[in-house]
Amino acid sequence: GIDPHTHLAMEFMGSETIDDFFSGQAAALAGGTTMHIDFVIPINGSLTAGFEAYEKKAKNSCMDYGFHMAITKWDEVVSDEMEVMVKEKGINSFKFFMAYKGSFMINDELLIEGFKRCKSLGALAMVHAENGDAVFEGQKRMIELGITGPEGHALSRPPLLEGEATTRAIRLAEFVNTPLYVVHVMSMDAMEEIAKARKAGQRVIGEPVVSGLVLDDSWLWHSDFVTAAKYVMSPPIRASGHNKALQAALATGILQLVGTDHCAFNSTQKAFGIDDFRKIPNGIEERMHLVWDTMVESGQISVTDYVRLTSTECARIFNVYPRKGAILVGSDADIIIFNPNSSFEITARSHHSRLDTNVYEGRRVKGKVEVTIAGGRVVWENDELNVVPGSGKYIEMRPFNYLFHGLDKADAKYLSSLQAPVKRLKSST
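In the UniProt record's numbering, the protein residues as written are 1 to 429.
Just so you know, the hints here were simulated from the structure itself, not pulled from any lab data.
C-beta atoms are modelled at their ideal positions from N, C-alpha and C, and glycine is treated no differently.
Treat the hints with caution; some may be incorrect.
[Stated by the list, open to error] Within a straight-line C-alpha distance of at most 30 Å, the following computed DSSO-like cross-link-like pairs (lysine-lysine) qualify: (1) 89 <-> 57; (2) 87 <-> 119; (3) 196 <-> 119; (4) 73 <-> 140; (5) 119 <-> 101; (6) 89 <-> 119; (7) 73 <-> 119; (8) 57 <-> 101; (9) 413 <-> 199; (10) 196 <-> 101; (11) 59 <-> 87; (12) 196 <-> 116; (13) 196 <-> 244; (14) 409 <-> 423.
[Claimed, not checked] Here are the simulated distance ranges between beta carbons: (15) 84 <-> 323: 21 to 29 Å; (16) 417 <-> 341: 56 to 64 Å; (17) 245 <-> 390: 40 to 48 Å.
Please take these sequences and the hints and turn them into a complete structure.
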């Protein structure tokens with residue numbers, strides 16, 4: 001499997017995720033994921049400094065990995081650095097934040113500039129789609145109402161704000177005529193905007209994450225803070241009904257692949273926000289099992305679809321197919337042996353992440369990864385890991401994936417349709 005969305009050794013809100021590249025990757029291998037793509041966070045806006053820092057963080061990798069690059073500010077230096085990342089560093093995707101006002105968020109003008117630059121480089125534009133200004137207002141409103149617990153997190157950033165940002169990003173990508181990838185689609189509101197765009201022929205990819213597919217927000221109202229806080233993530237887990245709608249969208253092709261957004265903060269780190277939900281840091285192993293249990297066992301998708309949603313489509317989107325995402329001559333020998341008749345209980349007591357909690361605690365799932373082979377080596381067998389620090393390889397990802405095919409013709413057709421500029425006779429008066 002390939003996980004398109006992780007955050008290992010990431011610094012955020014004064015903390016660093018508890019899983020580094022080695023521990024997070026070891027957990028992923030135990031769950032049947034053999035490659036992941038992590039997000040490089042720039043240092044003071046510098047893509048180069050951020051990339052170099054993440055190279056060091058990944059030195060002890062035990063699994064193959066790639067990098068997306070986040071864009072947290074915009075100027076000519078960043079624009080030039082994007083070209084270096086694509087042409088020299090093997091990065092073919094850039095993430096823009098429409099949320100996190102005061103830190104990562106960029107405005108529409110800069111989003112358009114970023115989309116244009118992505119298009120020229122053949123890189124995929126990605127968005128975290130929430131209306132950051134409205135979320136900021138929603139947070140203030142909750143605090144004024146005395147709602148300071150984890151439930152305030154969900155109440156401050158309702159589905160309509162995810163839907164609004166999703167449609168805005170889609171329209172701006174249509175204006176620029178560049179492909180768009182919407183990360184962690186958590187609501188019906190966002191999913192329906194993606195469905196409309198795809199039906200109209202626009203090149204939009206929607207990525208739900210496992211938590212949004214299988215959980216609902218009822219846990220955020222739990223009376224125990226530690227229990228409630230572990231379900232804080234952005235965008236939030238939604239009310240019951242959204243998860244079923246996302247499952248249906250995944251089964252029918254409206255959404256294309258499944259990530260985790262693994263961004264692991266332990267209960268001590270979550271406790272920073274015990275009196276103010278805005279201070280709770282929010283966030284690999286269970287992905288393959290939960291997608292099987294939720295989607296295949298229920299009859300919503302076939303085994304072939306399972307392979308596509310957890311591996312092949314990701315490899316195609318990020319241009320590493322058929323090296324990854326296939327069992328073919330010349331492909332990397334990344335293989336899992338999956339027992340559909342086995343079952344087990346998910347618990348923090350036995351998972352391989354450094355987290356002291358698990359949002360799927362006590363959930364019994366059908367289907368189990370018995371063996372994981374990564375790069376031709378057996379790394380998981382008989383419930384035991386056999387991983388070597390430093391054995392993971394950085395996988396460079398080429399630009400201009402299949403989503404860019406024919407864009408030049410579409411641009412030419414648009415220009416020929418303008419019937420402009422109009423040649424007018426100059427007035428003699």
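Hint check results:
no., hint, result
1, 89 <-> 57, "16 Å, holds"
2, 87 <-> 119, "14 Å, holds"
3, 196 <-> 119, "22 Å, holds"
4, 73 <-> 140, "25 Å, holds"
5, 119 <-> 101, "26 Å, holds"
6, 89 <-> 119, "18 Å, holds"
7, 73 <-> 119, "18 Å, holds"
8, 57 <-> 101, "27 Å, holds"
9, 413 <-> 199, "20 Å, holds"
10, 196 <-> 101, "28 Å, holds"
11, 59 <-> 87, "22 Å, holds"
12, 196 <-> 116, "23 Å, holds"
13, 196 <-> 244, "19 Å, holds"
14, 409 <-> 423, "25 Å, holds"
15, 84 <-> 323: 21 to 29 Å, "23 Å, holds"
16, 417 <-> 341: 56 to 64 Å, "57 Å, holds"
17, 245 <-> 390: 40 to 48 Å, "43 Å, holds"
The earlier numbered hints are all upheld by this structure, with none contradicted.
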